[in-house]
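> Below, each chain spelled out in residue letters.
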Amino acid sequence: MINFQSVSKIYKVNSHVSTALEDINFNISPGEFVSLVGRSGAGKSTVIKLIIGEEKPTKGRIIVSSHDINKLKQSNLPHLRRHIGVIFQDFRLLVNKTAYENVAFALEAAGRPQIEIEEFVPQALEMVGLSDKMHNFPSELSGGEKQRVAIARAMINHPDILIADEPTGNLDPFNTAEIIKLLLKINELGTVVILATHNKEIIDELNKRVISLEKGKIIKDEERGKYDL
Amino acid sequence: MFTILSRIIKYGILGFRRGGWLSAATVAIMVLTLLVFEGLIFFNVLTKIAIESFQDKIDISVYFKAEAPEDDILKIKSSLESLAEVKKVEYISRDKALEIFQAKHEKDQTISEALDELKDNPLLASLNIKAYNSSDYAAINNYLSADSFKKSVEKISYAQNSLVIERLTKIISTAKKAGVFLTILFAAVAVLITFNTIRLAIYSYREEIGIMRLVGASNSFIQGPYIFEGIIYGLIAGVLSFIIALPLIYYTAPYIRVLIPEMSLWFYLLSNIFTLLFYQIIFGIVLGAVSSVIAIRKYLRV
Numbered sequence: 000m001i002n003f004q005s006v007s008k009i010y011k012v013n014s015h016v017s018t019a020l021e022d023i024n025f026n027i028s029p030g031e032f033v034s035l036v037g038r039s040g041a042g043k044s045t046v047i048k049l050i051i052g053e054e055k056p057t058k059g060r061i062i063v064s065s066h067d068i069n070k071l072k073q074s075n076l077p078h079l080r081r082h083i084g085v086i087f088q089d090f091r092l093l094v095n096k097t098a099y100e101n102v103a104f105a106l107e108a109a110g111r112p113q114i115e116i117e118e119f120v121p122q123a124l125e126m127v128g129l130s131d132k133m134h135n136f137p138s139e140l141s142g143g144e145k146q147r148v149a150i151a152r153a154m155i156n157h158p159d160i161l162i163a164d165e166p167t168g169n170l171d172p173f174n175t176a177e178i179i180k181l182l183l184k185i186n187e188l189g190t191v192v193i194l195a196t197h198n199k200e201i202i203d204e205l206n207k208r209v210i211s212l213e214k215g216k217i218i219k220d221e222e223r224g225k226y227d228l
Numbered sequence: 000m001f002t003i004l005s006r007i008i009k010y011g012i013l014g015f016r017r018g019g020w021l022s023a024a025t026v027a028i029m030v031l032t033l034l035v036f037e038g039l040i041f042f043n044v045l046t047k048i049a050i051e052s053f054q055d056k057i058d059i060s061v062y063f064k065a066e067a068p069e070d071d072i073l074k075i076k077s078s079l080e081s082l083a084e085v086k087k088v089e090y091i092s093r094d095k096a097l098e099i100f101q102a103k104h105e106k107d108q109t110i111s112e113a114l115d116e117l118k119d120n121p122l123l124a125s126l127n128i129k130a131y132n133s134s135d136y137a138a139i140n141n142y143l144s145a146d147s148f149k150k151s152v153e154k155i156s157y158a159q160n161s162l163v164i165e166r167l168t169k170i171i172s173t174a175k176k177a178g179v180f181l182t183i184l185f186a187a188v189a190v191l192i193t194f195n196t197i198r199l200a201i202y203s204y205r206e207e208i209g210i211m212r213l214v215g216a217s218n219s220f221i222q223g224p225y226i227f228e229g230i231i232y233g234l235i236a237g238v239l240s241f242i243i244a245l246p247l248i249y250y251t252a253p254y255i256r257v258l259i260p261e262m263s264l265w266f267y268l269l270s271n272i273f274t275l276l277f278y279q280i281i282f283g284i285v286l287g288a289v290s291s292v293i294a295i296r297k298y299l300r301v
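Those protein sequence lines, which keep their order, are chains A and E. Residues in the first sequence are numbered from 0 upward in steps of one, following numbering that gives the first Met the number 0. Residues in the second sequence are numbered from 0 upward in steps of one, following numbering that gives the first Met the number 0.
The set of hints was computed from the structure by calculation and includes no laboratory data. In this text, all values refer to a predicted model and were calculated from it rather than measured experimentally. Check each hint, because a few of them may be wrong.
[To be verified] Estimated spans, in silico, between C-beta atoms of each pair: (1) A:His157 - E:Ile243: 45 to 55 Å; (2) E:Ile293 - A:Lys11: 21 to 31 Å; (3) A:His157 - E:Tyr202: 26 to 36 Å; (4) A:Asp22 - E:Ile183: 55 to 65 Å.
[To be verified] Here are a few chain E residues that sit away from chain A, every Cβ distance over 10 Å (derived from the structure): (5) Ala216; (6) Ile230; (7) Arg296.
[To be verified] Which residues of chain E face chain A? A partial, calculated answer using Cβ under 7 Å: (8) Ile7; (9) Arg17; (10) Arg205; (11) Glu207; (12) Leu213; (13) Val214; (14) Gly215; (15) Ser217; (16) Phe220.
Using N, Cα and C, we set each Cβ at its ideal position, and we do this for glycine too.
Please put together the full structure from these sequences, using the hints given.
Below you can see the structure in the form of structure tokens.
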């Protein structure tokens with residue numbers, strides 16, 4: 000499903016060179032739940048950017064859902080991204096659109112018919128427990144609610160992969176637990192979930208595969224890992 | 000295709016409605032731009048008519064010796080008419096000249112009596128020549144000064160009026176150049192201001208554009224609503240600026256008429272109302288759409 004082969008990512012700003020990732024190798028199979036842990040600057044976000052095609056590797060090869068990221072053209076990015084749902088710490092909702100429109104947008108962008116949109120969007124919002132706030136704008140929602148809209152939007156295209164980049168970073172413990180529960184439920188339905196976080200409690204409780212990054216290198220990759228940095 | 004297009008239109012309209020003050024400010028700037036644009040159209044019409052009216056007042060006359068046979072004069076007339084620079088030649092015979100003179104001085108008894116005293120008609124036959132361009136009079140004058148015409152021609156009025164004609168010619172040519180320069184200058188300023196306003200509006204959406212890319216929207220699907228929003232700006236601004244221009248023109252028309260009696264601005268507006276409105280709207284739409292396309296391109300590379 001996701002394959003990183005000797006991947007390095009080096010950023011050059013003027014004459015300053017900084018290595019974000021160095022010789023990374025891992026493989027994620029369908030149905031897996033993988034946590035990506037590491038301190039700030041360890042390279043978690045770079046891994047995510049590479050998976051969604053926002054960046055290209057300096058060295059090595061990346062395959063995501065049969066797309067070769069190295070050779071992916073700008074015009075083919077939308078096709079790749081319709082197979083990947085992404086949620087972020089800062090939610091990244093479209094502020095001028097209601098919860099319903101935010102979720103519907105992903106389907107509309109994929110050119111799905113209106114009849115499907117009218118059927119699936121309320122279902123997705125119901126799944127994340129937001130049926131009653133469908134027509135609210137993001138500014139009228141709490142942090143937890145915003146993240147649930149983001150999850151509904153990420154899931155609406157039935158992606159093969161769901162990437163969650165610090166999804167609970169801005170949430171209280173109660174909402175954090177709710178979001179993690181949702182991610183597990185999504186994983187049970189067959190979607191690969193990649194969770195990038197530095198929340199020790201979550202990782203220890205999950206008892207799933209953990210890839211630990213430090214200074215751009217993988218220092219541990221355990222089947223049932225703990226947060227141990 | 001139709002589904003995508005209808006979604007683009009829907010989001011364009013929604014974006015405009017929810018844009019609030021930003022939409023209003025953009026439309027306001029575009030209204031000003033289009034008023035400048037409309038002002039330029041009227042300025043050019045006014046300059047053209049003013050120049051034409053000036054030019055119409057300039058002419059030269061060639062007077063023929065009393066003994067010159069009419070046939071010779073008519074030959075010169077037709078040879079003048081064959082010149083490319085000449086617009087119109089009018090022949091005024093000695094009798095006709097006298098008639099005009101008498102009619103003009105009908106109330107002046109001294110002149111009437113003086114004319115009666117003279118047995119012979121003292122006035123000369125003449126050709127009154129109008130050129131297309133005031134700068135052509137010198138050439139016509141040279142043509143008439145040729146030796147072959149010397150035996151019939153008594154005098155050419157150009158010599159007396161050449162200074163005035165040259166000055167007017169210079170004024171007209173300067174006015175034309177100034178008109179083109181001002182039109183380009185104001186149009187450029189107006190277009191740049193509008194472009195920057197739309198660029199700022201889209202700049203405020205840059206994060207949204209990035210998010211749309213992440214959600215898997217294609218560039219055309221992202222661009223479409225913003226371009227359509229630009230079209231709405233242009234359409235509304237086009238109509239609004241036209242409505243604002245109506246009373247402005249109505250009230251300035253009489254003042255313009257004092258300066259250029261041939262010109263009724265209000266009448267010009269009424270007789271060209273649909274063409275003007277059409278230009279205004281088309282210009283607004285093109286300006287809005289093109290500005291949006293250029294402004295958004297930068298943010299689509301996520």
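> Give a verdict on every hint.
Hint by hint, here is what the structure shows:
1. Evaluation of the 45 to 55 Å hint for A:His157 and E:Ile243 yields a pass: the beta carbon distance comes to about 53 Å.
2. Taken as a hint, the range 21 to 31 Å holds for the pair E:Ile293 and A:Lys11, whose Cβ atoms sit roughly 29 Å apart.
3. In this structure the hint that A:His157 and E:Tyr202 lie 26 to 36 Å apart at CB holds, the actual value being about 34 Å.
4. Between A:Asp22 and E:Ile183 the beta carbons are some 60 Å apart, a value that agrees with the proposed interval 55 to 65 Å.
5. Against chain A, the non-interface label of E:Ala216 is violated: not every CB pair exceeds 10 Å, the least being about 4 Å.
6. Distance check on E:Ile230: its Cβ is at least 18 Å (rounded) from any Cβ of chain A, clearing the 10 Å threshold; non-interface status holds.
7. Separation of E:Arg296 from chain A is adequate, the least Cβ-Cβ distance of about 12 Å exceeding the 10 Å criterion.
8. A least Cβ separation of about 10 Å between E:Ile7 and chain A goes past the 7 Å threshold, and the interface hint is therefore violated.
9. The criterion of a C-beta within 7 Å of any C-beta in chain A is met by E:Arg17, whose closest approach is roughly 5 Å, and the hint holds.
10. A hinted interface residue such as E:Arg205 counts as satisfied when its beta carbon comes closer than 7 Å to some beta carbon of chain A; here the least separation is about 12 Å, so the hint is violated.
11. A hinted interface residue such as E:Glu207 counts as satisfied when its beta carbon comes closer than 7 Å to some beta carbon of chain A; here the least separation is about 5 Å, so the hint holds.
12. A hinted interface residue such as E:Leu213 counts as satisfied when its beta carbon comes closer than 7 Å to some beta carbon of chain A; here the least separation is about 6 Å, so the hint holds.
13. The beta carbon of E:Val214 comes within 5 Å of a beta carbon in chain A, closer than 7 Å, and the hint placing it at the interface holds.
14. The beta carbon of E:Gly215 is positioned within 7 Å of a beta carbon in chain A (closest approach about 4 Å), and the interface hint is therefore held.
15. Against a cut-off of 7 Å between C-beta atoms, the interface hint on E:Ser217 holds, since the closest Cβ of chain A lies about 5 Å away.
16. Annotation: interface hint on E:Phe220 holds; nearest CB of chain A at approximately 5 Å, less than 7 Å.
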